[in-house]
Every structure is written in structure tokens, then in C-alpha cells.
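**Q** The lines below spell out each chain.
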Amino acid sequence: MRLITHNMLKCHVKNCTNPDRQFPLRFKNVQLEQVVADYNYEFLVRMLPRIDWNALLITTKELGIELPSSIPKDVEKDEAFLEALHVAIIETHVKEGSMVCLGCGHEYKITKGIPNMLLAEHEI
Amino acid sequence: MPQFIVYFAQYHEDFRLAELEALSKLENEATKLVRRGILVRNIIEYWGHGSTYEELFARVKENPEKWADFKTCSFKFNVEAFGRTLTQKEKVAIINTFKFLAFEGPIRMKNPDAEFIVREEYPVTNNALQAETPAMIWFGRLVGQGSRELIDKFDVKKRRYLGNTTMDAELSLVMANQALARPGTLVYDPFVGTGSFLLTCSHFGACSMGSDIDGRQIRGTAGFRLGVDGISANFEQYGVGDRVLDTAVFDICRNPWRSGPMFDAIVTDPPYGVRAGAKRLGRKDGTNPDISFKIVEGVENYKREDYYPPTIPYEMSDLVSDLLEFAAEKLVVGGRLVYWLPTVADEYDPKDIPEHPALKLVANSEQPFRSWSRRLITMEKIAPLESSHKLSTPEHNPAHKNFRDRYFS
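Residue numbers (the working numbering), protein chains in the order written: chain A, 112 to 235; chain B, 7 to 415.
The set of hints was computed from the structure by calculation and includes no laboratory data.
Because the structure is a prediction, the values reported are computed rather than measured.
Here a beta-carbon is modelled for each residue, glycine too, at the ideal position from N, C-alpha and C.
The reader is advised that the hints may include incorrect statements.
[What the hints assert, rightly or not] Quick partial rundown of chain A residues pointing at chain B, CB under 10 Å, derived from the structure: (1) Arg113; (2) Met119; (3) Cys122; (4) Val141; (5) Ala148; (6) Trp164; (7) Lys172; (8) Leu174; (9) Leu178; (10) Ala195; (11) Val198; (12) Lys206; (13) Glu207; (14) Ile225.
[Stated by the list, open to error] Derived lysine to any residue pairs resembling SDA-like cross-links, with alpha carbons at most 25 Å apart: (15) A/Lys220 x B/Asp20; (16) B/Lys300 x A/Lys206; (17) A/Lys206 x B/Tyr313; (18) B/Lys285 x A/Cys127; (19) B/Lys290 x A/Glu234; (20) A/Lys125 x B/Glu361; (21) A/Lys220 x B/Tyr308; (22) A/Lys125 x A/Ala195.
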């Protein structure tokens, strides 16, 4: 699972609704893999407004990845920034491990890069 | 003002204009307009037409200034007939009648600078003999070709991984055009199955994501051609792995997406309940909820690796309503929802399709089968979602309600 996707996911267990706790989900015991991918300028620029930057900073810090603390002005011309973003959100894959909710403690397992986000019946 | 003739394929008739309209949102230049077209063969710059060759020549001769651009370049002529087969001899004879154009350049069969097309339309006859003379003849210069060759490239029989609900290549490609999938956009399929739409949308440059309540198809532990690690095998096969971003396992009714618009398109073939059981998380009345909490091998059942939460059937009209509400929230303005709606053909009413103030109906194309049909519906988000917005469902029972039961009756 790529970090761009993780940035779009929150905990959805019944009654787990505190926005500060249910998002972003925290990684636990993860195995990462860097996979080179074609640099997709148009996509990065178009997606940037949809990314929660503060959440991304929390996550990348957790994983030991460096990103600037804020999005630069004239970002469309800032190649260095966009390339760092590309490496972080497109090329970084979480292969195994889990995502934990700080609010309710639910653990979502990731296996072979695919997260399982089915809920048990008492959680819906 | 130049005029053009678009020549469509004779398949999926009800889908052709809708696809062309979608393509016109992506390109406004004739040469590029039909480039991605799957139901379009080519587009021709109009030079003349007539019910006889004399009429045709008279019209062509009205604009001799057009011919000057092509006096010395390499060229070729193609003669095509619809409703009749012409012999090579007949074709050559027809080409020779255009000598008045006085082109001086070399004739080149492969990659000429200019290609001219004569197209004869023969009337449909009831008897076995073909009609002798055409009803109409069209003439012009080829300016663009469609992409029908992609149908063969994406043929499901060639895919490394497929399942029994995999959508055929031709329609999967048309859906990518309806969705306006293009570089920079993000497409999502909430019933991803074997990933056909992620494949075709990402082929046209979009990035894509998919989810499904059934992880087995995604992971490759169910479906045909096991042992290839699931649908990622197809994305690698077609070189779109960099743009198919992720797949995940969850119930779209209980989805973990963060709130607010995030997708440029939602493209999906929801389960109708006929082959793939349409299901959602939940427990039927009268069954035992304690099973989830039972301790098995020291761990509560619901925490075990192989635990499948109980499911209940997902009725079709509920599914469609939920899908529209999801799209109204999660699409960006200008984004598109493209989905299949199964229906009982002679009971269908256009009012069956629910309406939402944030979504506008853009296209509705029918693919008929024997007793039922399905419709490819395209909707576009035209305004931000407001709390006052309410989905309006038809007062009558739509033809797709309880579709599974109607199909088998």
C-alpha cells in the first residue's frame, strides 16, 4: 500500500469518530519497500490539494522519511519538492504490518501490500 | 467552416454518440478527437457527397482551392462499401474517376501524406442479391483514426488473471472514455473484482484505486489462472503498475475513506446478485452473533487471520442509491460516475434512475440481452455537495429492484 492511499484512509469503526484520533492511522511493525515508478508530474500537482499535509508529515516522520513542513509557494515549479513527494507517496510501499487507530485501538492488517479493512460485526 | 464525417463501428450502437460526446470533452481538434475512440473507426474531412457520382463530383468541384494543398504530396485512395462487397477491379475503376483532382504526387500505399476515402452506402435489400447502385456516396480526406485495435490488445483471454465477472475489453475501454480518464486524474472502482477498469483507465493515463468486499479476487486466491498473485499480474502485463496505485479489501457501505471530494471518476460494474453475490457486512436475523467472539486457539474469532465477517444480501436499488450518494460526496466537481444498471427491459422507465441535485445525467446507453438489459449510466458532479441535498428515488418500484429475483424468474 502506498502512502498516498494511506493518507486518504481513516478508522471507520462504529462510534470511533474523534477526527484527531481516527486519522491518520499509525503504522505498526511495518515492512517497507521502495519501488521505482515513473514520475507523474500532472498527477502530483493535481492531487496536492487533496492530500492532508499535516497527516502526511506525521506518517512520514513515523517511518523516517523527510518532507518539508509546508508546501512551498509556486509548487508547480519546485521540481525538488515534487520529486521528494513522488518518492514518499508513490514509490514507498507498505508491504506487511498493520495500521492502528489511536481512538479505538483497532488494527487493520496489511498483507502483500493489500490492507484488510473489513470490520467485525460489533464494529458496524 | 470545415465539416467532418465520423464513421462508427457497427457494434454497441446505443453507446456510440455518448462516447463521441465524452471524447469531445477531451479534445476539440478533429485530428485528435477520435484518437481514443473505441466505437469510432475514423473521422474524415468532408469534400463532397451525392446520390450519384455526378452529384458528388459537382460538390467536390465547388471547392477546388482545397485540392492545391495535396497537389504534390504522396497520397492514396481507399474505396469502401457498406452493404456490398466491391471487387478490386471495381475499386480501381472508381478511383480513376477522381482523376480530375489532378494530384501529381506519388501514390504510396503505406503512410502516405494524404489518404482519401470514397465510401459507398448501399440500400438494405430484402432479397439475396446485393443492390447494384449505391444510395449515397461520401468522399473526403482521412484526418483521424480511432483505437479499435485496443480491443484485441486488452482481450480478456490474453490476461494473466481473470474471473467470471471480468468485463469484456471493448466495453471496459468505452467506460474509460465515458469517465474521461486521462493523465493527472484519480479513478476509483468500489467493486473492483479483477480490475478491468483500473486497467483501461490507467492505460489512458489516469491513476487508479480499487476496493472490494471479497479479497480473494484481488489477491488471486479465487478466479481463473491461480498462482499469479492476483490482479497485480494484469497491471504488470500491460505496463500500468506505476499508475494503479492500490487495491484494498472493504465493504463500500462501511468504507474507510476520509470525508470530502477526492476522486475524478468512479467507474464500476456493481454486482447484480446473479453470478457474484451482491453482499454487504451484516448479520441475518436469527443467526448467532456470539460466533464472532468465540475464542479459537486462544484468540477471539474476529481477530483471527482467516475470519470472514458475516454478510447479508445487498439489494440492487439500495446499492444504486448508495452509489449515487457516495459519488455525490466523493467526486470532485466535474468528476464522473460511470456505472452499469441492470434492468428488466420491458419494465424499464427513465425515471428508474435516482436523481441527486449534485449530479447530472450525461449518458444512458443500453446493452440488450434476451430478457434483460443493462445500461451504462454516466453522471457528472455539477456542484459541491450541500447538507440540504437529498437523493430522490422513484416513487414506483424501479425495474432493477430485487434484480436478482427478477432475473431468475
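**Q** A separate judgement is required for each hint: does it hold in the structure or not?
**A** For each hint, the structure was consulted:
1. Arg113: holds (5 Å)
2. Met119: holds (5 Å)
3. Cys122: Holds: closest Cβ of chain B sits about 7 Å from A/Cys122, inside 10 Å.
4. Val141: violated (15 Å)
5. Ala148: holds (4 Å)
6. Trp164: violated (13 Å)
7. Lys172: Because about 19 Å separates A/Lys172 from the closest Cβ in chain B, which is outside the 10 Å limit, the hint is violated.
8. Leu174: violated (17 Å)
9. Leu178: violated (18 Å)
10. Ala195: violated (17 Å)
11. Val198: violated (13 Å)
12. Lys206: violated (12 Å)
13. Glu207: Because about 12 Å separates A/Glu207 from the closest Cβ in chain B, which is outside the 10 Å limit, the hint is violated.
14. Ile225: holds (6 Å)
15. A/Lys220 x B/Asp20: violated (45 Å)
16. B/Lys300 x A/Lys206: Violated. B/Lys300 to A/Lys206 sits at ~30 Å, over the 25 Å cutoff.
17. A/Lys206 x B/Tyr313: holds (20 Å)
18. B/Lys285 x A/Cys127: holds (24 Å)
19. B/Lys290 x A/Glu234: holds (16 Å)
20. A/Lys125 x B/Glu361: It is violated: about 29 Å lies between the C-alpha atoms, which goes past 25 Å.
21. A/Lys220 x B/Tyr308: Judged against 25 Å, a Cα distance of about 13 Å means the pair holds.
22. A/Lys125 x A/Ala195: Violated. A/Lys125 to A/Ala195 sits at ~36 Å, over the 25 Å cutoff.
Of the numbered hints listed earlier, those contradicted by the structure are 4, 6, 7, 8, 9, 10, 11, 12, 13, 15, 16, 20, 22.
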